[in-house]
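Please construct the entire structure, taking both the sequences and the accompanying hints into account.
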Amino acid sequence: MKKLLIIALTFILFIPLNHSRNIVDIPENLPSKEDVVAFINEIGNRMSKEKFFLNGNVILELAILTGKIDYFMNDSIWLEEALMEFYNATGVDYEESKVNEFVLNLPFTTEERCAIALILLSYSSALKADSKEGKIEGIMATIDAVRKASPLLSSINMDYTKEGPYKKIIFGGNGSSVYNSINSFIIDFGGNDIYEAGNSAFILDIDGKDIYRNRDSLEGITMLFDLKGDDKYIDCPISHQSFFLLFDLEGYDEYNGRICSSYENGTAILIDMEGNDIYDGKNYTQSFSSYGISFLIDVKGDDTYSALSYSQCSSLAGLAVLADLYGNDVFIAGDRSQAFASGGGKNGVALLINLEGDDFYEAGNFSQGYGENLGFGFLLDFIGEDSYRAKQFCQASASLLGIAVLMDGEGDNKFSHGFFSQGYKIGGMSFFMNRFEIRGNEEILQILDNLQSYFGKFFS
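Take 262 as the starting number for the sequence shown in my numbering and just add one per residue.
In case anyone wonders, no lab produced these hints; they're calculated from the structure. Just so you know, not all the hints are guaranteed correct.
Keeping only pairs whose Cα atoms sit at most 25 angstroms apart, straight-line, the calculated BS3-like set for lysine-lysine is [what the hints assert, rightly or not]:
#, residue 1, residue 2
1, K561, K310
2, K470, K312
3, K489, K312
4, K389, K409
5, K652, K675
6, K686, K652
7, K329, K359
8, K423, K359
9, K294, K561
10, K329, K396
As structure tokens, this is what we get:
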């Protein structure tokens, strides 16, 4: 995902390495409309071929992860070791005999036990890591473990729920279950479940129409994977000085309240792979960041976003990204939304990307590409016949050392706006482009230079 984002940003934002400072040379340096369309279509083709589930030998993966090759001779001990490792990582004072008794009564095959152990050990490594690099490595290992273990776990048919001796670990059956904040490692195999308010947990839900309420990550690591079903998320994901990943593989889902909001060095990531989804909230939602990092990525589907202020890609000295890649989407918001960035004197970035579809945008003041106080606000829409409605200081408007960009690459687009819009700037830089018809000046070259420098430092 990181490599794809870097490639997309580099190409889409037209960063030429050997550009001229002469404004008349700009059209020659920008890629043609045909090149951009071909590139976006190729991204779609490649993503359609990517599969979430991976084939792998989970026992071999366990040996590689732990370095304990001798476990090949006794594969029954994998899960016991993984449970105790998780208890150590979460500070639970456990008795080994109780752990062994719990594992002995689980109805899983040897391979299924190994699959669960692989996830447990990977997640525990992320929790135990002392450095930022170690936590990232553990998070990536957990994602990889889920992709390899899920094909085995999806075939489990369990009619009852098994809860561990300390209530931290629970395996949910096919019935409808209710989980609370005590449960911090949950694998649910089916049923229409409810997940109540909780913090810093691992959740893998295989199937069902589920409800998630008030999942907030506070100084921990939360990872939520929902593989199937039309689900409902309320105030989730939210991150304070922590990491929260929400991954929804399929279904027509609803996201209500504060969605994908990060604060104080927190990271909130929401990835919805497909389905016609509804996002409905008030303020500080739908990829909002205050001194944090928020990524909301919706890959396929005709989606509807509605919110009030500071929403739909809004940054206060943070990084907020909203990428809705394919589908005919509707975005309705209030003030300081849809690619609003205020840097707070430090740098803030709001990047709203829409690759393909006939989209509708409506927002209040300081929206649709607005930057101030070292804030960079970018709204990039490439293929489709789009409509934009906004009030004042919108559609590529910048002030107080801010940078603002609105680029719409193709389509019979319609724009409605108030004063101080479409290339307006006072003490900042702005750039407006519709259908590759440039309205601006040579400052676009400086904007691209600043952008290249910022993202180079960020991804390094």
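- request: Quickly compare the C-alpha distance for K423 and K359 to 25 angstroms and report which way the hint goes.
  value: The hint holds at about 14 angstroms.
field: Given pair status - K561, K294, alpha carbons within 25 angstroms
entry: holds, 22 angstroms
- request: Starting from K561, check that the Cα of K310 is at most 25 angstroms away, please.
  value: holds, 14 angstroms
query: Is the Cα-Cα distance between K329 and K359 25 angstroms or less?
result: holds, 24 angstroms
message: Holds or violated: K686 and K652, Cα atoms, limit 25 angstroms.
response: Measuring from Cα to Cα gives roughly 16 angstroms; hence the hint holds.
Satisfaction of hint between K675 and K652, Cα-Cα up to 25 angstroms: holds, 14 angstroms
message: What's the verdict on K329 and K396, does the C-alpha distance respect the 25 angstroms limit or exceed it?
response: Answer holds: K329 to K396 is near 22 angstroms, not above 25 angstroms.
query: Quick one, are K389 and K409 close enough, alpha carbons at most 25 angstroms?
result: Within the cut-off at roughly 22 angstroms; holds.
query: Between K470 and K312, is the straight-line Cα distance small enough, at 25 angstroms or below?
result: holds, 22 angstroms
message: Please verify whether K489 and K312 have alpha carbons no more than 25 angstroms apart.
response: It holds: about 14 angstroms lies between the C-alpha atoms, which stays within 25 angstroms.
Checked against the numbered hints given earlier, the structure satisfies every one of them.
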